[in-house]
Amino acid sequence: MSPGAPRGGRFDTRLEARRRAGVRFMWLCRLAVAFGVASLVVLLVSLAADGLPALSFEFLTSYPSRFPERAGIRSAILGSAWMLALVAVMSFPLGVGAALYLEEYAPTNRFTTLLKTNIANLASVPSIVYGILGLAVFVRFLALERSLLAGAATLSLLVLPIVNIAAREAIRAVPDSLREAAYALGATRWQAIRHHVLPAAMPGILSGTILGLSRAGGETAPLLIIGALTFIAFDPLSPMDPFTALPIQIFNWTTDPRGEFHALAAGAIVVLLGVLLMMNAAAILIRNRFER
Amino acid sequence: MAPEAVLETVGLGVRYGETRVIEDISLTIPTRRVVAFIGPSGCGKSTLLRCFNRMNDLVPTARVTGRVLFRGRDLYAPGVEPADVRRAIGMVFQKPNPFPKSIFENIAFGLRINGFQDDIGDRVEASLRAAALWDEVSHRLDADALGLSAGQQQRLCIARALAVEPEVLLMDEPASALDPIATGRMEDLIGELRGDYTIVIVTHNMQQAARISDDTAFLYMGELVEYKETQRLFTNPEDERTEAYITGRRG
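Line by line, the protein sequences give chains A and B.
The working numbering applies: residue 1 is where the first sequence begins, and numbers increase by one.
The working numbering applies: residue 1001 is where the second sequence begins, and numbers increase by one.
In isolation and in its complexed conformation, chain A is listed as follows (with noise of 0.2 Å):
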């Protein structure tokens, strides 16, 4: 024994104590889950009450209408998926290239952290400014009207700050061994990109993204500010057409005094979270499938 080792002082170890602490602790986290699930349990049974009377095949290919057991929303499911698509078409390569250049290209110095956490700021920026922005800029200076077109360019501002960020935390996820061992090989910075960081990153990619759009499907703001239409009763058949999109039809039908079309809102709302529901779990299985 080391003559410094510290013996005799008492211990008193209150072990029945300590493991009820513990105990007590699990079951405030157990309600903390409890609180979460009853929750997301009320809203889907009662939404699934209101809304699923209103759900037919009708209602699904059916433009909406001043008569509520006419309406449908054809229109808007089709101006959603317009949108989702050219929101997806504008921000995944601006969002990712940009996530590349500051992961891979630029230097680290003051101008690149200010300009990341700058980029954290925006994602942060409530969406109803972006509306503004979209208005000012897209609406009216490039004159796109109230097109599809505007609508998808103001909500990929939105999405834009959400989808760099997941770019960026996976293209820093991939290790450096592997870049490491392309470039030993010969590889210029973009071989090594293009073969071995860019797949490497591509589920938490496209697992970002596909969140990012599932955001902008639910939007709502934005869009009422740059102005979509609610009554559209006709298919949009171009990026410049007028649009509406299935929560603008949502909140319509829902600020109508009529108690008739409330049901079809939350027949429409049903509709909305099924989507939304679907993308998230693609997210997740691409997240699964790649990460074996």
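Since the hints were made in silico from the structure, they are not lab data.
Check the hints yourself; a few may be wrong.
Said to hold, decoys possible - Result set (EDC-like, lysine to aspartate or glutamate): computed pairs, CA atoms no more than 16 Å apart in a straight line:
| no. | chain 1 | residue 1 | chain 2 | residue 2 |
| --- | --- | --- | --- | --- |
| 1 | B | K1095 | A | D176 |
| 2 | B | K1228 | B | E1008 |
| 3 | B | K1228 | B | E1240 |
| 4 | A | K116 | A | E169 |
| 5 | B | K1095 | A | E180 |
| 6 | B | K1228 | B | D1214 |
These numbers were taken from a predicted model, which means no experiment stands behind them.
Let chain A serve as the given structure and place chain B on it in line with the hints.
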């Protein structure tokens, strides 16, 4: 007669930000010999190794001063393409880092990016044979490289490096992640490659350096302390720091 030099450093220094890692190192790597760098952790031996294929370029804060000559040509001169340097001076890392692809694709990648004009399949086989891996994987070239054992993965990394015809092979503690049997095979392989390639190997393991190398350089705190034929360095060290390290009294 002094053997022909493949690599030569003149007053080489490397800083990471404010930290000096190696300073004023001048040494010559003779052609087709196995040279070992030994020294305690943090002595700068890996940093020195990474100057030879400009791997330090990837560390944003790294600053290289002095000169590194490859066959008389300054590797850090303006106009030198790092990708070209790295094809001629291959590298194997401490932890096996095969690409998460098939065994075949691991070797084909280097060939494709460098515009290999002959038959890729033939070259894959030749490279795997040269790395003493062919017999173990010839029936499953399409299998995931990550399914190989650590020792096999490391030999695959060597095969991958040999495929693009380097003159020099840099090895950064290539056996430190391997068990004793895989380490033995790695040393056998280095023995087989000796004579065809110039090999510079960083190792923590002094017995390994004594077994496999022709010449040994001892680095201590960023400085080149002693560099001579391996046998002479281990039996008759001149500097007391070298002696303290190789006899296990310090480091």
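Now for the hints, and whether the structure bears them out:
| no. | hint | in the structure |
| --- | --- | --- |
| 1 | B:K1095 / A:D176 | 12 Å, holds |
| 2 | B:K1228 / B:E1008 | 15 Å, holds |
| 3 | B:K1228 / B:E1240 | 15 Å, holds |
| 4 | A:K116 / A:E169 | 12 Å, holds |
| 5 | B:K1095 / A:E180 | 11 Å, holds |
| 6 | B:K1228 / B:D1214 | 9 Å, holds |
Checked against the numbered hints given earlier, this structure breaks none of them.
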